[in-house]
Amino acid sequence: MLKKHHLICFTGIDGSGKTTHAKNLLKYLNEQGYSCFYVRGAFRPIISYYFFAFTRLMGYWKKSKKNAYTNPLENAPKKFVDKFGFILRFLYFIDFQIKAFFEIRLPLMLGKCIICDRYFYDLLMELDRSHLLSKKFTKLISQTLPKPTVTFLLDVPENLARERRAFSNIELRSKRKTFLKMSKFFNFVIIDSSKDFLSNQMKICSTVLSRIKQN
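Going left to right, the sequence shown walks through residues 218 to 432 as the working numbering numbers them.
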């Protein structure tokens, strides 16, 4: 049995199998008698909703797919981005802290084990691609949010991911490159999602159990 709380995260590009692996791990751990539950940790605007509304009225958005990240400053003038980029990052920080408190931090305090499908890494990836990321923001958010026991990066070639999710190869390639760069800094466990699902799931389960024992 788990003797204390644990946060297990999955990150990676769209179509890499994050959700499927996360839910299968949840089922496995629950069958083993562990008190775990699933959380979708993707960013959602709360306070920053008003910033999004304002920039949409100003015509600074670009069209994006449903449930995909929207850069509220995509078409904004450079002077506006330079001036308000800091405010956007501040609002994102507050929003993620609010979300994390109720969905992650509080359950962890109650001794729960959380399987988190996406986390702040996905937000960092989008900010990096939008040229809105700063080292200070990366350090601040990574040091103030709960630290995972282990984070899995589900890595898959963009052409295979595109068969699962209708995004362009260019976009998927850019996201994948950013995640792989981040993996060195955050020490992700990389899972080759193009390989057999069951063997990958066994690797994930054994890695999680090993990390739990170490902690």
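It is worth saying that the hints were derived from the structure and are not from the lab. Don't take every hint at face value.
Keeping only pairs whose Cα atoms sit at most 16 Å apart, straight-line, the calculated EDC-like set for lysine to aspartate or glutamate is [to be verified]:
{"#": "1", "residue 1": "LYS279", "residue 2": "GLU343"}
{"#": "2", "residue 1": "LYS240", "residue 2": "GLU388"}
{"#": "3", "residue 1": "LYS279", "residue 2": "ASP409"}
{"#": "4", "residue 1": "LYS401", "residue 2": "GLU388"}
{"#": "5", "residue 1": "LYS394", "residue 2": "ASP413"}
{"#": "6", "residue 1": "LYS364", "residue 2": "ASP409"}
{"#": "7", "residue 1": "LYS394", "residue 2": "GLU291"}
{"#": "8", "residue 1": "LYS329", "residue 2": "GLU343"}
{"#": "9", "residue 1": "LYS316", "residue 2": "GLU291"}
{"#": "10", "residue 1": "LYS244", "residue 2": "ASP334"}
{"#": "11", "residue 1": "LYS394", "residue 2": "GLU320"}
{"#": "12", "residue 1": "LYS398", "residue 2": "GLU320"}
{"#": "13", "residue 1": "LYS394", "residue 2": "ASP345"}
Quick list of simulated restraints, FRET-style, between CB atoms [said to hold, decoys possible]:
{"#": "14", "residue 1": "LEU377", "residue 2": "GLY328", "range": "16 to 24 Å"}
{"#": "15", "residue 1": "PHE402", "residue 2": "GLN431", "range": "17 to 25 Å"}
{"#": "16", "residue 1": "GLN360", "residue 2": "THR236", "range": "39 to 47 Å"}
{"#": "17", "residue 1": "PHE307", "residue 2": "GLN431", "range": "31 to 39 Å"}
Note that the Cβ used here is the ideal one computed from N, Cα and C, for glycine as well.
Evaluation of the provided hints:
1. With a CA separation close to 14 Å, the supplied pair LYS279 and GLU343 stays within the 16 Å bound.
2. As the CA atoms of LYS240 and GLU388 are separated by approximately 26 Å, the hinted pair breaks the 16 Å bound.
3. Of the supplied pair hints, the one linking LYS279 and ASP409 is violated, its CA atoms being roughly 32 Å apart against a limit of 16 Å.
4. A distance of roughly 21 Å separates the Cα atoms of LYS401 and GLU388; the hinted pair therefore is violated under the 16 Å criterion.
5. Proximity of LYS394 to ASP413 is assessed by CA-CA distance (about 22 Å); at most 16 Å being required, the pair is judged violated.
6. Proximity of LYS364 to ASP409 is assessed by CA-CA distance (about 23 Å); at most 16 Å being required, the pair is judged violated.
7. In summary, the hint linking LYS394 to GLU291 is not supported, as the alpha carbons are separated by about 20 Å, beyond the 16 Å threshold.
8. Simply put, LYS329 and GLU343 have alpha-carbon atoms about 29 Å apart, too far for the 16 Å limit, and the pair is violated.
9. Taking the CA atoms of LYS316 and GLU291, the gap is about 24 Å. The hint is violated against a cut of 16 Å.
10. This hinted pair checks out: LYS244 and ASP334 have alpha carbons roughly 14 Å apart, not beyond 16 Å.
11. About 29 Å separates the Cα atoms of LYS394 and GLU320, which puts this hinted pair outside 16 Å; it is violated.
12. A distance of roughly 28 Å separates the Cα atoms of LYS398 and GLU320; the hinted pair therefore is violated under the 16 Å criterion.
13. At roughly 11 Å between alpha-carbon atoms, LYS394 and ASP345 fall within 16 Å of each other, so this suggested pair holds.
14. The hinted range of 16 to 24 Å is not satisfied by LEU377 and GLY328, whose Cβ atoms lie roughly 38 Å apart.
15. A C-beta distance of roughly 21 Å is found between PHE402 and GLN431, which places it inside the suggested range of 17 to 25 Å.
16. Distance hint for GLN360 and THR236: a CB-CB separation of about 27 Å, inconsistent with the stated range 39 to 47 Å.
17. Remark: the range hint 31 to 39 Å for PHE307 to GLN431 is upheld by a beta-carbon distance near 36 Å.
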